[in-house]
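Chains as they are written, first to last, in my numbering: chain V, 1 to 327; chain W, 328 to 647.
Don't read these hints as lab results, they were simulated from the structure. Keep in mind it's a predicted model, so treat the numbers as computed, not measured. Just so you know, even glycine gets a beta-carbon here, dropped at the ideal spot from N, CA and C. Check each hint, because a few of them may be wrong.
Now the stretches of chain W that chain V is said to cover, found in silico as 3 or more residues with beta-carbon under 8 angstroms [to be verified]: (1) 538–546; (2) 551–561.
With a straight-line cut-off of 30 angstroms between C-alpha atoms, the simulated DSS-like cross-links for lysine-lysine are [unchecked claim]: (3) W:359 <-> V:152; (4) V:10 <-> V:66; (5) V:152 <-> V:134; (6) V:152 <-> W:358; (7) V:204 <-> V:10.
So you can see what is in the structure, the chains are spelled out below.
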Amino acid sequence: MKSEALLEVKNLKTWFYTRRGIVKAVNGVDFTLSRGECLCLVGESGCGKSVTALSLLRLFDSPPGKIVEGEIVYRSIDLVTCSLDKLRQIRGKDIAMVFQNAQSALNPIFTIGDQIIEQINTHLDLSHEQALEKARTLLDKMRIPEVDRALKQYPHQMSGGMKQRAMIAMSLSCDPCILIADEPTTAVDVTIRAQIMNILQELKRGREMSIIFITHDLSLVREIGDRAAVIYGGRVIEIAPVERIMNEPAHPYTRGLISCLPDVSSDATRLPSIEGNTPNPIDMPSGCPFHPRCNSVMDVCRSVLPEITNILDVHAVACHLYSGSGK
Amino acid sequence: MTEANIPILRRITSPFYGNRRLLGYYWERLKKNKLSLIGLGFIIFLALVGIFGPLFTQDPTKADLGMSNLPPLGLSRQESIYNIKTDDFTTKIIEGSPAHPLGTDSKGRDMLAMLVSGARISLFVGLLATGIAIFLGTFLGVLSAYLGGWVDNVLMRFTDIMMTFPFFLLLVLIVFIFGPSLAIIVLVIGLTGWTGAARLIRSEALSLRTRDFITASKALGASDTRVIFKHLIPNVISLVIVMATLSIPGVIMAEASLSFIGLGDPTSTSWGTILNAGQHSLETAWWVAVEPGIMLFLTVLSFNFFGDGLRDAFDPKASI
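Using the sequences and the hints, build the whole thing.
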């Protein structure tokens, strides 16, 4: 594993100040991303993975959202404190984002061509013809058939998969070095999912692009991820290479997740599941947020928040089972 | 960074393939609504009359007392003249003359010329005041929705205050203070008429603001101005057009009402002025009041029909 960190997130906390209380959507996320690496953020719905992604580019609504603590260091620029102008130049050009639902992430009243060209014009100083040519190449790389026709189409005239690929093409228009993909395959069917995963694989290998891939689908993690960070209650609770997470999960929650994966070789008729629900982000359980659902819960878990500690060079866990304080 | 290098028009109206096909689509939908086509036809006719009509008609202010109260061509009216010597009434029949096809008023002014002049004033006031109002409304509405927070609060409370003013009273008051002139009337109607538009545009923009494509364009580095001009405003423009069309009749009526109560621009002949003159001679020359009335009626109806048609054409859910 190359160790040169391209993006470093330290103790990121994004809170939303709502009428019902403070929603601690992201409450202490740490990770690093190296060049050409694909880091998967895994977790249940509402665990804070999407807000983490939005926080990286400060895209959440503010107010009510606010990054209360932490650093996001990209090429020695802190994206939390840098000016909005500076950030705007980084958005799309260095760090691009692909959204979950391409249907709503494209402007319904402009053609795909218009939108891609607009995106190119935001950051690059190209003539109209050059931009058009670039848009054509981009769509072509996304394996969109009849590129010239696609350029003239409005979003509603395209299929979901085409739209998702057009979205990816748009986000790649300025050759970003980090691509944040927020569940890019949730809204498409399996064949399109396979195509999109292939495209992402190619980007990673061909362009040495770093990808932050957000998903709740562990099979996709296995397919594309180099490392995976499991998020629970707004915190990274385990981070390790994908192989290791899959084979030797350390945190009880991760173990639970992995055991929920269907196994074709077993005869079991019911899939195991984790009891209980994700914690309410306004009213987090004391101590370790997972303790009410944990099957190896100890006394200390109820009162003390476990720090994330390395159990191997590449494997870190936030659980009292490994910190030694439980024994 | 490179944004400054792109001409502003190119940024707002995209040149690429244009939206011609989309316009064609709307036109196809509009065409199916016959009433709105008739409305559009009358509006175009009125505009042509307003622009070119004065070149062909007489001077609308030229009075000729010898030709007073001439009926429209093809009609006649009886006038009783008291003869003091015979102490008797003689009845004279007055026929319409081809020189004044729509008749004359009590001062002998040509009705056709006055109506044409009125069309010009009505359209001028209607379009300009609506333009100001809708521009302000769109701008404030989008700004309010996009910025949110205390800006939204301040702007919307200001809108509330503006809405509570009795509009016509304000108009009368300001015209009374500053003196009646067309510019004042246009300005007052424009500067007070934006409230409804602002409310409507704000609510539309609010729902647009949370849509993914706005976040997506920000994620790809778009600035606030770009998001507003490129993504928010184009998405509300159909609403703006419909609203503008439907609010023109109100403005035209407001101007006519002002003129009718004698607070219109005294140097110009508007339909309201003619109506005012006509009400005194309803018994002898009913056409003086009826003709501008019909024009007002048709104009307001046309704009309403056309606006309705536009609204249906722009609404993808409306079945036409």
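Hints versus structure:
no., hint, result
1, 538–546, "holds (count 8)"
2, 551–561, "holds (count 4)"
3, W:359 <-> V:152, "holds (26 angstroms)"
4, V:10 <-> V:66, "holds (16 angstroms)"
5, V:152 <-> V:134, "holds (15 angstroms)"
6, V:152 <-> W:358, "holds (25 angstroms)"
7, V:204 <-> V:10, "holds (24 angstroms)"
The structure agrees with every numbered hint stated previously.
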